[in-house]
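Engineer: Residues per chain, in single letters:
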Amino acid sequence: MKGKGVLDQHVHPQAQGIDAVVAAAHELKAPLVLINHLTDALNDPAISLSPSERQQHLRRLRLTSERMVRLVQQLTLSYRFETDAQLTMAFPTEPVSVNEVASMALHELTPYATEHDQTLRLHEVRCHHVVLANRDVLHDIVVNLVDNAIRHNSAKGVVDVMSHCQQQHVRLSVHDNGAGVGLAELHRLRRSLGVEPQPLSGRAGTSGLGLYIVGQFAQAMGGSFGVGRQGVGATFFVDLIKSWQLSLL
Amino acid sequence: MARVLLVEDDRWQAECYALWLTQAGHDVQVVHDAQSALDALDDESPHVLVLDILLPHANGVQLLHQMRSYTDMSSMAVVLCSSTQPPANVDLAAYGVAAVLDKTTLTPQLLRQTVARYAAT
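These protein sequences, in sequence, are chains A and B.
Just so you know, we're using the working numbering here: the first sequence kicks off at 10 and counts up by one.
Just so you know, we're using the working numbering here: the second sequence kicks off at 172 and counts up by one.
Keep in mind the hints are simulated off the structure, nothing from the lab.
Heads up, the beta-carbon is just placed ideally off N, CA and C, and yes, glycines get one too.
A couple of the hints might just be wrong.
To be verified - So the derived label-pair ranges between C-beta atoms look like this:
(1) A/231 with B/262: 49 to 59 Å
(2) A/93 with B/206: 39 to 49 Å
(3) B/213 with A/104: 49 to 59 Å
(4) A/65 with B/215: 21 to 31 Å
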């Protein structure tokens, strides 16, 4: 798989035009409803669950609540970026290994992916991709992109995470084989993804808030966010500033 | 027992509803998008269609519009089940929608009762 898509487009987040409350409510409603339903099934005397079904319900309850906690934490940070311009200025960055952070994020998301019957693959490369980034925020970016890919991938799908060096930056890409991004939609996204949450027609049930947050976080580290179109599925990527510090060693 | 076609894009949600209805004795087929729903309607003749509104590519109401153009829906009850309000400017009854369920307040008992009610008519 090539790192650069046929029609890659960068998008630039701006802190305007977002109805954050509506988008956040929409994003939180689906997991809350699921938690309700899983709990109902565990408590309803008319429903008889086998031990394995009971374990599955409990696993999904835990995974869904963990996902909600992540989302709320990211929304909190996103809100701080929106309202506190000084936060971005004072944002601490350091040389960070993209592969190391991606590996940790994938390890964390493996139980969620497995429960969705999805496989996560990290394509490690020989050269060490070191970027100037905030480790926690970069971790949030990877988690968000992979979470998005897991939820919208085809059944028994594979999510590929890869990075490769470009001249001044390192590109971290997450590819899935779910509903693709059509040409018209790609152009629409180029104009507005990152400016405000943008639902994708082939990916129901999402307001696009997670992708908006990715764009916002990438920009806070001097990077950018984009969407690519290559064959089946969709590729979302962030370009981060390359650190030359370790490459001199 | 009724044949139920369940159209729900969230797989975990779909498995929940399928379990609730299967344990109530219904024969449940699950699909996750509009095109698969159309294919399933060709193969099966469900008594009740339980349909989410937010689906990939085509939403539930668009699916109903497509279905009406080439499928005899007279013997099938449609139950919309979504956390999104259906569009106010659409005559749902004309599409055979018998009930609208709000996922945010849905319980296993309510879904079972609703399907049983419309399966019997």
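Engineer: Tell me if the beta carbons of residue 65 of chain A and residue 215 of chain B are separated by a distance inside 21 to 31 Å.
Structural biologist: holds, 27 Å
Engineer: For the range 49 to 59 Å, tell me whether the beta carbons of residue 231 of chain A and residue 262 of chain B fit it or not.
Structural biologist: Given about 53 Å between the Cβ atoms, the range holds.
Engineer: Just tell me: holds or violated, for the beta carbon distance of residue 93 of chain A and residue 206 of chain B against 39 to 49 Å?
Structural biologist: holds, 46 Å
Engineer: Is 49 to 59 Å right for how far apart the beta carbons of residue 213 of chain B and residue 104 of chain A are?
Structural biologist: holds, 58 Å
The structure is consistent with each of the numbered hints, conforming to all of them.
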